[in-house]
Every structure is written in structure tokens, then in C-alpha cells.
Amino acid sequence: MSTHDKNTELERSDVPAAFEDPGLPEHRYRMGDTDPAANKRSERQVVVLFAISVLGAVGALVAYFALPLGSDPMSVRWATLGLGLGLALSLLGIGTGAVHWAKTLMSDHEVTEKRKPISSDQATRDAAVQALVDGARDSAIARRGVLKGAVLSALAIFPLTIAVPLIGSVGGDWNISKFRHTVWRKGRRLAIDPSGRPIKASDVTVGSVFHVIPDGMRDEEHWMEEKAKAVVLLVRLDERDLKGDQSPSGETWSYDGIVAYSKICTHVGCPVALYEQQTHHLLCPCHQSTFDIADGAKVVFGPANRPLPQLPITVDAEGYLVAQDDFAEPIGPSFWERLK
Amino acid sequence: MKALAARRHHRFAPVVLMLLALLATGALYAVMTPTTATADTSASAEDIEAGKQLFQANCATCHGVGAGGADEVPSLIGVGAASVNFQVSTGRMPMQASGPQAPVKPAQFTDKQVDQLAAYVASLGAGPSVPTAEMVDPALGSPSNGAALFRTNCAMCHNAVGAGGALSEGKWAPALWDTTPTNLYQAMLTGPQSMPVFNDANLTPEEKRDVISYLVEQREPSVGGLSLGSLGPVSEGLWVFVIGMGILIGFAVWIGAKSS
Amino acid sequence: MTTTQPETAVGAAADYLDQRTGIAGAVKEFARKVFPDHWSFLLGEIALYSFVVLLISGGFLTMFFVPSMGFTTYPEDSLPVTMQGVEMSEAFASTLHMSFEVRGGLLMRQIHHWAALLFMASIVTHMMRVFFTGAFRKPRELNWLVGFTLMILGLLAGFSGYSLPDDVLSGNGLRIADGVAKSIPVIGAFASYMLFGGEFPGEHIIPRLFTVHILLVPALILAFVGIHLLMVVLHKHTQYPGGGRSSKNVVGFPLFPVYVAKAGGFFFIVFGVLALMGATLSINNVWNYGPYDPSPVSAGAQPDWYMLFLEGGLRLMPGWEWVIGGFTIPINILVPGVVIPGLLFTFLALYPFIEARVTQDKSEHHVLDRPRNVPVRTALGVAFLTAFVILVLAGSNDLIATHFEMSINTITWIFRVAFFVAPVFAFMVTKRLCLALQRKDRELVLHGHEAARLVRFESGEVIEVHKPLSDQERWLRVNYQAHAPLVIEPGEDARGVRRRGYAADKRWQALSRFFYEDRIEPVTPAEIANTHGAHTAVEQSDDAPQIGH
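Residue numbers (the numbering used here), protein chains in the order written: chain F, 1 to 340; chain S, 341 to 600; chain C, 601 to 1149.
The shape of chain F in the complex, shown without the other chains:
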């Protein structure tokens, strides 16, 4: 449809309300469509690409046999690289070959296909409705109310026979009161994580930080779960820097400037372990909650709401640091019944 036609039309019926679709743009021929040499060249290129693929696959197989995994880490690197590059080459050869073939040698005349409306025509719809109506009438479901109720009840209740045993067991013993306790007990020694050496108060010099587990951790039945709750960070502060801790009046939870706080963040439970000895701030590398160790582990920044619970500590007769008791509150993230 040329512009000329449209202009004459314009004049005849005054100005049309809308523009008219000019139709598909004119087809542009490729070099290969007109020049047999170019066509032949494209064919050769496709052949070369598929040949590269074969070479790549052969290369990968050669690499598999020629590059064994040894006791040197570099052998793993070379084997991975050799096999991977061969694989990549064999795949990319096929891929680019096929696409190049489609682009240069297959017809590039655009085809127009008509769309049909998605919805069915009215006759089909009517027939469908009639089929359902007939079926419903046949079953007489509308008139037999009790039957309907019985069918629905049976279908609704039978899944419980699977769901109840599943739910009963999927949460283990469902004893969520375990959140409230750790294995820390009066007199239990503090030990270094992971070596398990007990710690003497005199070992903890000002400015140092100890990552602590309960002594004899590995003898616990569920030591992994217990460790997940019991890990503690031990820091000695210069007495002059220590603004306060969480000891209730009449008790002393720290020993000679040594304080022990739960390492499990009160936000979502990452191990908070990033201690800056100059500022006495403890930063959680997961979400950047910052606690002030010199001031009862109060939150100074970030998404946590509560201070880290303090482990009351003292020393035993041999000078080793021991717990006075379990934590006074559940450690770690908040949950609904935490304060109950």
C-alpha cells in the first residue's frame, strides 16, 4: 500500500479517523539469497562450526584421560579447566552452527499466521454447560443433600489420616521448652572453642577475646544442638572501661573485668563474634547489630532489640573460669512465648 493511494483516499473521504496499517515492511534480501558464492561461504562456516564442536568433544575426552586428579590441588584445576573448555567448545559449536545455519541458509521470509480468538464459540460453550447439567442431573447431587454432605465429609476428613501422623512426628518431640535451657550449669568450666582447653582467669588478658564452649561439650548427647545454644564470647575489659553488666543487685556475674556473653544474636541467631577491642563493640557480620560489651551488651546499632544474655561466671578453686548458673533468659532470637 503506497502513500500515493492513501493520499487520494484522503481527499475523497475527507480525513480518516485513524492511520492505516502500512503492512509488512519490504523484504530485504540477504547476500546469500542473491549471491551463490556467499551462500556457499555460509554453508562452509556452518560446517566449520560443527567441526569445532566435534574437536571440542574430542578435546574434553582427551582431557578426561590425560589430566587425572592427583594429590596436587593444581591437578584438579587443570582437569576442571580441560574438561570444561572442551565441553564448552563442543556445545557452543553446535549452538552457533545451528543458529548460523538458520540465519543464513534457511528461508527468512516472514510468515503471517492468523490468530483465532482464545475463547470458544457460543455453541461450544452451550454444549459444555449442557454436558455438565446433564451429568449433575444424572447424579441427582442437587436433590440428595445428605449424600452430598457425606461425600464432602469423607473427602475432607481422610487427609487427616496422613496429616496427623506426619505433624505428630515432623517436629521431633515438639518440646519447645528446650529453647529456654542450655547445658551451662553451676561449676561447669569454660573451655576454648574448638580445642576444648579449659580457661584460667589469668589466661584472659585485657583486650583479648576467647570463643568459649562448655567443658566436655562433645560428651553431650545432642552436642551440636547444645553447642548452637551454649557458645559464649569471653572478654576481659580494663575495670575502668567496664560501665556495667547485667548482674542483678546483690550478685556479680563478671569476674575481675572478665565478662561472658552469649554469642547467639538476639536478632535472628547468627553468631555475633566481631569484637573491636578499642571500642568494646561487638558487631554481627550478618546484619550489623552492634552490642556494647562494656555496657551490658546493650544494642548500640542495627536490627537487634535486646542485649545479648550474659553468662554469670566465677572461678573455681584451681583458678579456672566456671559458670555460676545457666543463662537467666532464653538465648537467641525472639519468639512468641519467650517471656512466658
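No lab work stands behind these hints: they were computed from the structure. Some hints here could point you the wrong way.
As the list claims (entries may be wrong) - Straight-line Cα separation of at most 30 Å, DSS-like style, residue types lysine-lysine; simulated pairs:
1. C:K633 to S:K598
2. F:K116 to S:K598
3. C:K633 to C:K836
Note that the coordinates shown come from a computational prediction; the quantities given were computed from them, not determined experimentally.
Put chains S and C on the given structure of chain F with help from the hints.
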């Protein structure tokens, strides 16, 4: 006791307290690190004198003529040769401006001058000394035990393989790729800047060597190919967009374009 | 039944098959089905092919992976040296074993992980293409929901797979998931027990995630991919606007042979690029993180990129917590962990239905929108992406801090503000930009291209010569519909009786105004005719008939 309470407000009380604290710390160190603290005696009097000259010229402005420190500046009495060697040989000291972070710079002193400075500071009060070559030899350590220790004690700041990480308020834990074994040992022993101290009761000298062994092991090329900075999932996510999606969209454009 | 005897072997096979399946009908129907050609239509294919690569490489990995949390000691003579003699779970040990002692194992692991990241990246990019071009409009709203479900399933597949090696990094991710589960009011503690079969970490989570990762989620993905593709065939693909392309046709190339070669070839290209990445770029070297232990955590503790927005929300949220009647409600976790993703996902899922409601457009759409022609949709999309990107960046704030030498506290505060301000700003800028581009289109249609040539008349008047647009160029710029806000029936009828549902209509109308108040109508032939005579004038009035302000 009353007399003591009255004198607590005496203007020399802080000084006396500090001296007492220093004595206590020094004594503690002497007990804790008997092998390392006594090694200092080898320094000659000339070295100490030369070190003193260097100190007066380069360090005394901040740390005071007697190295006693000031408000924000730590006293150097009792920090030991290890601390001086670490701070000066890595170029952290002298600092350009006072602040919580001492960035690494090209070292300003020769090795000999560093030793002289260390000898002078060590002479002011007993402290940890520079470790011997054997103490920091990565070949003698166990990389697997070092890895376990590093995970628990170091990775939260320095990243799992020592690529470094952020601390609060603009401070950071540096990458450990280029740190010498000696400097690694000294850093653990002395706790420079924000870093806590890992004394020999916390990490024994053998354990420190294991950590060094692990870190040196990490300098080998990654077995899987380019390490992408060893920064974990964020850099991997960035590269999947830049390289993966980038290349594939390039191919898609090629596939969708008309052939010439 | 056969009318002709097949002569060749292929013919005989086809005959055999057709007599038993009647497949000839399907071949006749589908072999020459037309698909339009555009690079952006291949984004979804990248997702599909990464999924196939995930199945292939994942199948390889399952042969060697042991989904057990039972304890073992890694052999003293196996690589890597940093793990020799270390106590670890079977899952972690088998991951090391398949990386260092199975030939091609590390390559397959790396291909698998890169493919997972690419799967999500291409899903998101494909979704952006569909959103910005309005491909979700009738009749494709349901397929948008299918695609949306696939994205959620992709997140589940990714997260469950990321956790399987039982390393320190993913273990801390699970611990965060545990913390988020615990935060749910009333049932939180039980939800945590349900996930872990007791207390965290327990001995069940890895086997459970394994089943989720290799059976449940892939089966669901496969089923939904099937529905997704079936619907694409049913609807026939959308096409970009242009001459000869309308809602009544589809212009492109036949499935066989062109698309078989192009799309089939593209599968190999996607697989090839992933193989290249797997061979040269290391990813998730779990031996660097070490076997899971509840005590350590490393700097740069982040999930894979598609979960970063959740991580970012957790990092940005101030530490608020409510205690009501003695029960704890951790707002600091619920908002970023549940409310924000809930809002973002609800917006995504419901958007096609909201837009259809405020547009009151009941017709089928098979021609895509140019994003500029629907300014508010485009602006909403950009605003959404801005919020998403800010959360992703906030999830990487520690790396931003070290790489740009900034304070992590400052960055957190900047993002806290930006999360609210930047999307609004992005919305306004994008909307203005779209309107400006539409005005430029009008300008071009009315006055043509500037030919960069001046003509001087005898009168001394100088005009710049304009070259009129070609038919194709003009059609592209005028062939769209600028929707107007809804018109609703009055609240009271002639007798003053209040109409039910008026208040709701009023609200929809307000939303519709927000969408379509500012709009630019396409040029009509009448306008061209009017300006035609004045073409010699120096400067046309370039007031587009913009409605609103």
C-alpha cells in the same frame, strides 16, 4: 583504706595507677610469654640508642617523649618489640592522621631502623618480642587445624579465606593476602588497633603457626578457576549478570538480528 | 487405513507411529507454527535452558552426594589439605569428595551453581520484559501467575540447594531462616521445630532439604513449565508493534525448521556459556567456609543473589520489638522477613488484574506496548526495581563499605531513607521521561525528521527542511491507545437513591486517574492534515494536546 580513698583524687593518682597497671601487665606478659619476652636482651645498647633517636624524631609527637601515650594515643611501654615491628614494618606507623584505623602504607623505615625502634620500645618495658623464623614457618604448621582455628577466631572479621571485611563506623579488617607470616604472628600476639589480642593461652604458638599455614595455603590459586575476589555470593551474583546474562543477551541479539 | 505404502525407513517409522498415536495431526498443526523473532523473547528461553542444564548437572551430582548429617572424619590423604582429618557431616564430606576426587565433579558442581544463579537472573529479566511490554494483559494474566509461581519455586529450589553442602555459610543461612521462622506470632517456635525436626540444627534438615531440592520442587517446576509453555502455544506468542502486525495475526518464522534450529541452537549456547563459566570461574568453594559448626561465621556472610533482598531488609530494619500481654512480637524480623516480601510479591502477582480493572479493557492484546506509551506502568515497574535493588545493595552493605571506604553505619542509614524516597523519585522521573519520549514521538510524526538543511525564501524567511516519516516509522508511533481514566455512574440516580457499590467505584476511579490522568494521545490524521499547510512556517506550535498537567 581511708588514706587510700583520700589519695584517689590526688593528681598523680592516674600516673601511679597506670604505672601499677603497666607493672602488672608487664609482669603478666613476663609470666605468660617467657620464651618470647626474654629474647629481647640480645639488642645492643647502640641499637637502643639509635632507636631512641628515631623515636624522638618520628614518634614522640604523638606517643610522647617517654612513649607514655596521651588521650587517644596508646602508651608504648610494655607493648614489646613485636608490636613495634608489626606497626612500623607494615607502614601503619607513623600514622598520617590519628584515628581508629591505621591503613597499610609503604614502610618508612629500613629493616634495621625498625629493629632499632623495636629495641628501644622493648627496653622501656617487657613485652612480646618478634617471633623467630621457625615460629612462623608455614611448612611446619597444620593447615587443617589452622583452618578450624581461623574459622572460629578470625573469619568473622577477615572473611573465610582472609579477603578482609567491614567493621563498624568505617573501620575495616584488612585482607591478609600479602601479609608476611611474621606480621601475621605479631598481629595475633599484639592485637593491633581494633583487633583483639590472641595471647599464647588463647592460641598457643603452635596454633598461631597453624593459622599462618592455613593463610599461606589460601594464596595458592583456587582449584575451581578465577576466585572472583573470594567475596562469596555477592560477587558471584554480580558476575552471573555481567558475564552470564551479558554474553547470553549478546547471543540473543545475534539470533534475533537479520542476517546481512 | 494407509493409502500409500511407505517406501523409506523413515516413512515406515512415521507410518508405524501414526497408526498407533495419530501424531500426524499434531505435526501438521505445530510444525509450521509461527513464532515472532526478537532478542528479548529469548530471555525466557535462557531460564528454560538453565533449568535443563540444572537437571543434567544435578543428576550427575546426586550420584555422589550423601544427604546425611551423620558425622565422619575427612581422610588424611584427600584434598583439600585444609580439610584433612577434620570432623564433618557426610553431606559436606561427599561435597568435597565429588569436587576433588570425582573427575568432572567440580566442573559439574560449578556448572550447577552458575546455572542456578543464571536461572533466577533470567527469570527476573524475563519477568521485567513481560512487565514493561504489557505482555501480561488479557489473555495472558493466568500465564503471568504461572510464571510468578515459577519464580517463587526457583527461589525455593535455590535456597534448598544452597544449603545442602552443610557448610558454615549456608548453615548460618539456615540459622537465619530458623530465626525468621521463630519470629512468626503464635506458631513460631513450632514452625522452627517442624523445619528442623526438633532443635536447630538437628539431624533432619539436610535430608529434608535434599528431598525438597531434588524431587518436590523440580517436579513442581517441571509441571509449571509445562503449563507455561502450553499456554504460550495456546495463546501464540506476542509480537512487537510494527507494520503488518496486529492483534489478529502473528508474524514470524515457522517452528520447523527455523525455530528448531534457533531455539535448539540457543540451548547449546546457554549450556556452552555455563560450561565456560563452570570451567573458568570458581563458585561456592565450600571448603573455604568449612563444615557447619554453630560457633563460627565469616565476614561477607550472604545468601545467593536472589535472596539478598531479604537479607537487605533484615539489615535495614531498626530493632523494634513489641511485647503484648507478655507475648513477644519481633517487628524487627517480621517486617523484613514477612511483610516486605509479602508486599513486593503481592504487587507482582496482582498487578495484571489491577491494571485490567483500572483500564476496563476487555479485549485481547497480542501486540506489545512500547514502555513509553504506558508511563505509569513503566514508572511503577522502575520504582519496584529500585526498591528491590536498594534491598539487594543493603544486603551487600559490608562489601560496599570495604570497597568504597564508607562507614557501614552511614550506608545503612542512607539505605533506610532511600528505601522510601528512591522508589518515589524513580517513579516520578520515569513517568516524566516516558511522557517526554511520547511528546518527541508526536513531534516527529507531525513535523518529520530534521534534515539538517536550511532553506531561505525570497522574503528572507529561513526555515529548516523536515523530512516526513516513512509509513513504517509513523505507524510505530501512532499505533497505540492512550487509555483515559474510568468513567463511573453517579452515586445517586435521578430519584436521589444512593447506588450500592458507588464508594468502591469511586476508589477504583481514583486509582484509574493515578494511572491515566497524564497521558499523551497519538497523532491523528486530522492533526497531520491541519499542520500540513503550515509546514513552511518557521516554528510550529509544539503544544501536544496533553490532558491533565
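Now for the hints, and whether the structure bears them out:
Under the criterion of a C-alpha separation no larger than 30 Å, the hint pairing K633 of chain C with K598 of chain S is consistent with the structure, at around 20 Å. Pair hint K116 of chain F plus K598 of chain S holds up; C-alpha atoms about 28 Å apart against a cutoff of 30 Å. Among the hinted pairs, K633 of chain C with K836 of chain C is consistent with the structure: their alpha-carbon atoms are about 9 Å apart, no more than 30 Å.
No hint from the list above goes unmet by this structure.
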